[in-house]
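**Q** Using numbering that gives the first Met the number 0, the first residue of the sequence shown is number 0, and each one after it goes up by one.
Some clues are possibly wrong.
Stated by the list, open to error - Calculated cross-link-like contacts (lysine to any residue; reagent style SDA-like; alpha-carbon spacing at most 20 Å): (1) Lys-60 x Ser-5; (2) Lys-34 x Leu-1; (3) Lys-34 x Pro-51; (4) Lys-34 x Leu-13; (5) Lys-50 x Asp-36; (6) Lys-34 x Leu-69; (7) Lys-60 x Ile-11; (8) Lys-50 x Ala-2; (9) Lys-34 x Asn-7; (10) Lys-34 x Ile-11; (11) Lys-50 x Ala-38; (12) Lys-34 x Leu-66; (13) Lys-34 x Arg-15.
To be verified - Just the calculated beta-carbon pair ranges, DEER-fashion: (14) Ser-47 x Val-21: 34 to 44 Å; (15) Asn-6 x Glu-53: 15 to 25 Å; (16) Ala-64 x Ala-20: 12 to 22 Å; (17) Val-3 x Pro-51: 10 to 20 Å.
Simulated from the structure, these hints should not be mistaken for lab results. It should be emphasised that the depicted structure is a prediction, and the values quoted were computed from it without experimental measurement. Backbone N, C-alpha and C define an ideal beta-carbon position, used for all residues, glycine too.
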Amino acid sequence: MLAVESNNVIDIRLRRIATGAVNAAEETRLMMSEKVDAALEAGSMLMSGGKPAEVIDFYRKSVAANLARLA
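When you get a sec, could you build the whole thing from the sequences and use the hints?
**A** Structure representation (structure tokens):
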């Protein structure tokens, strides 16, 4: 499920950048900062004993927030 959801976000984001609907540099900066922040949070979750399923749920919430923002 996460793979499909994240591909939807990638598709929408790239289409918006390609058509000029968003500032490409700002959207790219935001995308990269979101990825770094999410990776750090996921790493923390795992190192503190979190379960992989909890990390997947965390990523799904992040992807859903991105989808809501981009839609």
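**Q** All the hints need checking, so say for each whether the structure fits it.
**A** Against the structure, the hints:
For the hint pairing Lys-60 with Ser-5, the CA-to-CA distance comes to about 11 Å; that is within 20 Å, so the pair holds. Only pairs whose Cα atoms come within 20 Å are accepted, and Lys-34 paired with Leu-1 is accepted, the gap being roughly 15 Å. Between Lys-34 and Pro-51, the direct Cα distance comes to roughly 18 Å. Compliance with the 20 Å bound is thereby established for this hinted pair. Annotation: proposed proximity of Lys-34 to Leu-13 holds, straight-line Cα distance about 16 Å (limit 20 Å).
Under the criterion of a C-alpha separation no larger than 20 Å, the hint pairing Lys-50 with Asp-36 is consistent with the structure, at around 19 Å. Distance hint between Lys-34 and Leu-69 is fulfilled; the C-alpha atoms sit about 16 Å from each other, no more than 20 Å. With a CA separation close to 17 Å, the supplied pair Lys-60 and Ile-11 stays within the 20 Å bound. The straight-line distance between the Cα atoms of Lys-50 and Ala-2 is roughly 19 Å, inside the 20 Å bound, and the hint therefore holds.
Proposed proximity of Lys-34 and Asn-7 is supported: the alpha carbons are some 16 Å apart, at most 20 Å. With a CA separation close to 16 Å, the supplied pair Lys-34 and Ile-11 stays within the 20 Å bound. Restraint check: the Cα-Cα separation between Lys-50 and Ala-38 comes to about 15 Å, which is no more than 20 Å; the hinted pair holds. Proximity of Lys-34 to Leu-66 is assessed by CA-CA distance (about 14 Å); at most 20 Å being required, the pair is judged to hold.
About 19 Å separates the Cα atoms of Lys-34 and Arg-15, which keeps this hinted pair within 20 Å; it holds. Taking 34 to 44 Å as the suggested C-beta distance range, the pair Ser-47 and Val-21 conforms, at roughly 35 Å. Remark: the range hint 15 to 25 Å for Asn-6 to Glu-53 is upheld by a beta-carbon distance near 22 Å. At about 19 Å, the beta-carbon gap between Ala-64 and Ala-20 stays in the expected band of 12 to 22 Å.
Distance hint check for Val-3 and Pro-51: the Cβ-Cβ separation is about 19 Å, which falls inside the suggested range of 10 to 20 Å.
When each numbered hint is compared with the structure, no violation occurs for any of them.
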